Amino acid sequence: DQQVKQNSPSLSVQEGRISILNCDYTNSMFDYFLWYKKYPAEGPTFLISISSIKDKNEDGRFTVFLNKSAKHLSLHIVPSQPGDSAVYFCAAKQGNKLVFGAGTILRVKS
Amino acid sequence: DAGVTQSPTHLIKTRGQQVTLRCSPKSGHDTVSWYQQALGQGPQFIFQYYEEEERQRGNFPDRFSGHQFPNYSSELNVNALLLGDSALYLCASSLSGHTQYFGPGTRLTVL
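Going down the list, the protein sequences come from chains A and B.
Per the numbering used here, residue 1 is the first one in the first sequence, and the count goes up by one each step.
Per the numbering used here, residue 111 is the first one in the second sequence, and the count goes up by one each step.
Possibly wrong hints are sitting among the right ones.
Sample of chain A residues facing chain B (criterion: CB under 10 Å; computed from the structure) [claimed, not checked]:
1. Ile18
2. Phe30
3. Ala41
4. Phe62
5. Cys90
6. Lys93
7. Gly95
8. Leu98
9. Ala102
Here chain A is said to cover these stretches of chain B; the calculated rule only asks that three of the stretch's residues, wherever they fall, bring their Cβ under 8 Å from a Cβ of chain A [to be verified]:
10. 163–170
11. 178–191
12. 207–214
Some chain A residues flagged as far from chain B (calculated, every beta-carbon gap over 12 Å) [said to hold, decoys possible]:
13. Gly16
14. Ser49
15. Val78
16. Asn96
These are calculated hints, taken from the structure and not from any lab test.
Note that the coordinates shown come from a computational prediction; the quantities given were computed from them, not determined experimentally.
Virtual Cβ for every residue (Gly too), placed ideally from N, Cα, C.
Produce the complete structure using the sequences and hints provided.
Quick look at the structure:
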């Protein structure tokens with residue numbers, strides 16, 4: 001039972017353009033969401049989070065949008081840079097644990 | 111400011127053996143969580159330790175056990191290793207349930 005789904009295994013974007021990574025969830029009890037970035041041979045790095053009382057949170061080039069009625073969130077990266085190439089994980093907080101999606105590989109081409 | 115550290119980096123064991131993985135949390139953090147990440151999947155929650163007690167546990171068998179020490183560092187023990195236990199084991203630390211910050215992981219291979 002996959003409660004957090006990232007349906008796009010990979011995404012390729014040109015440098016300078018917008019990257020949009022999507023995430024869907026099934027459990028309406030989730031009230032806090034996070035995005036992590038992971039490079040090979042490193043642990044996940046926290047990027048940005050959003051509480052369910054908000055529908056948008058911005059931090060520099062990164063913006064997360066939450067649509068509670070659709071149980072959908074997205075991460076926008078503008079402008080995309082080659083150093084953004086990594087695996088991006090969406091996660092939902094359930095009690096004390098994080099429930100992760102399977103990840104989306106982002107490739108930013110220069 | 112040191113982040114989350116884990117040891118060892120890599121480990122090779124054979125089926126039936128036991129393994130211990132170690133984690134030191136980020137300075138100022140009091141909570142340690144452990145995750146297992148299989149190839150091509152997202153991390154799966156194993157358990158969380160706070161005040162030296164297991165606070166929450168995921169869907170993992172009793173072969174997986176842990177400990178937290180007074181200095182907040184933690185160990186993950188896995189007994190009777192199976193081939194399916196081969197994975198990247200990630201430790202994350204946080205301050206009283208806030209954002210979790212991950213270490214680089216320990217790559218365990220079971221032959």
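**Request:** State the violated hints by number, sorted upward, taking the hints as numbered earlier in the document.
**Result:** Of the numbered hints, 1, 2, 4, 11, 14, 16 do not hold.
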